[in-house]
Amino acid sequence: GENVEQHPSTLSVQEGDSAVIKCTYSDSASNYFPWYKQELGKGPQLIIDIRSNVGEKKDQRIAVTLNKTAKHFSLHITETQPEDSAVYFCVRSGNQGGKLIFGQGTELSVKP
Amino acid sequence: DTEVTQTPKHLVMGMTNKKSLKCEQHMGHRAMYWYKQKAKKPPELMFVYSYEKLSINESVPSRFSPECPNSSLLNLHLHALQPEDSALYLCASSQDKGGGNEQFFGPGTRLTVL
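Line by line, the protein sequences are chains A and B.
Residue numbering for the first sequence follows our numbering, starting at 2 and increasing by one per position.
Residue numbering for the second sequence follows our numbering, starting at 4 and increasing by one per position.
Hints listed in this document are in silico derivations from the structure and should not be mistaken for laboratory results.
Please note: incorrect hints may appear among the correct ones.
What the hints assert, rightly or not - The following label-pair restraints were derived from C-beta to C-beta distances: (1) Val21/A with Met18/B: 36 to 46 Å; (2) Gln85/B with Glu3/A: 23 to 33 Å; (3) Lys59/A with Thr115/B: 40 to 50 Å; (4) Ala83/B with Lys69/A: 44 to 54 Å; (5) Leu117/B with Ser10/A: 27 to 37 Å; (6) Lys25/B with His73/A: 32 to 42 Å.
Claimed, not checked - Straight-line alpha carbon distances no greater than 20 Å define the calculated SDA-like cross-link-like pairs of lysine to any residue that follow: (7) Lys44/B with Asn4/A; (8) Lys39/B with Glu3/A; (9) Lys72/A with Ser29/A; (10) Lys56/B with Cys71/B; (11) Lys43/B with His8/A; (12) Lys21/B with Leu117/B; (13) Lys43/A with Pro72/B; (14) Lys22/B with Ser53/B; (15) Lys43/B with Val111/A; (16) Lys25/B with Ala90/B; (17) Lys41/B with Val111/A.
Where is the CB? At the ideal position from N, CA and C, for every residue including glycine.
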């Protein structure tokens, strides 16, 4: 089906700890998996993306892994900071050009 | 300029009003999108324009009417809306509509229908 399952729906961590968000999908045709961060009162912003020919990608404190065989992908944030607090969406490319399929979102709270 | 701008930021309208939402980008992108986002939910795609032509309409009610006057502008005309249409309306753009293109989102218009 089209859906992307995202877990957990809420995540609370202490500043400095790591945060992990996991997503699964069922459409094997997907080949583009972006992650968006949405802060309160703002539109979603791309933070990292990964394509199906790559298993892992890292950008400073953020890393994403993709297992195409198992159809799951994950976001890892290390050394979390209060400004990481936001809603994070995992996304996969849909079958129609331009269509993105969003997960339900994870509300991350980083406590100082 | 790597920004998508949307006006107005907030809009309150009655069910008999006609209003328009506006979106603008100057990144040379040829695909533009309208999304609707309810509180604590992900964005839901409404329309996709590619090279100023409507490419995808996700079965959106006709009280929402999109328009793409040129490659930098995207409008959403609203008429006879219902209270359940109250939401954050997000505009986005990308280089083109092919899969794998980053979509840049604007800050949204917060719409309240009374």
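These are the hints, each one checked on the structure:
1. Look at Val21/A against Met18/B: about 45 Å separates their beta carbons, and that is inside 36 to 46 Å.
2. A hinted range of 23 to 33 Å holds for the C-beta pair Gln85/B and Glu3/A, which are about 26 Å apart.
3. The given range of 40 to 50 Å is respected by Lys59/A and Thr115/B, whose C-beta atoms sit roughly 42 Å from each other.
4. In this structure, Ala83/B and Lys69/A meet the distance hint of 44 to 54 Å, their C-beta atoms being roughly 46 Å apart.
5. For Leu117/B and Ser10/A, the hinted distance range of 27 to 37 Å is satisfied, since their beta carbons lie about 31 Å from each other.
6. Taken as a hint, the range 32 to 42 Å holds for the pair Lys25/B and His73/A, whose Cβ atoms sit roughly 39 Å apart.
7. The straight-line distance between the Cα atoms of Lys44/B and Asn4/A is roughly 14 Å, inside the 20 Å bound, and the hint therefore holds.
8. Restraint check for Lys39/B and Glu3/A: satisfied, since their Cα atoms lie roughly 18 Å apart, inside the 20 Å limit.
9. Of the pairs offered as hints, the one joining Lys72/A and Ser29/A holds, with about 7 Å between alpha carbons and a cut-off of 20 Å not exceeded.
10. Straight-line distance between C-alpha atoms of Lys56/B and Cys71/B comes to about 7 Å, which keeps the hinted pair within the 20 Å bound.
11. This hinted pair checks out: Lys43/B and His8/A have alpha carbons roughly 14 Å apart, not beyond 20 Å.
12. Taking the CA atoms of Lys21/B and Leu117/B, the gap is about 13 Å. The hint holds against a cut of 20 Å.
13. The hinted pair formed by Lys43/A and Pro72/B fails the criterion: a straight-line CA distance of about 26 Å is larger than 20 Å.
14. Among the hinted pairs, Lys22/B with Ser53/B is inconsistent with the structure: their alpha-carbon atoms are about 24 Å apart, more than 20 Å.
15. Restraint check for Lys43/B and Val111/A: satisfied, since their Cα atoms lie roughly 18 Å apart, inside the 20 Å limit.
16. Under the criterion of a C-alpha separation no larger than 20 Å, the hint pairing Lys25/B with Ala90/B is consistent with the structure, at around 15 Å.
17. The suggested pairing of Lys41/B with Val111/A is violated, with an alpha-carbon distance near 24 Å, which exceeds 20 Å.
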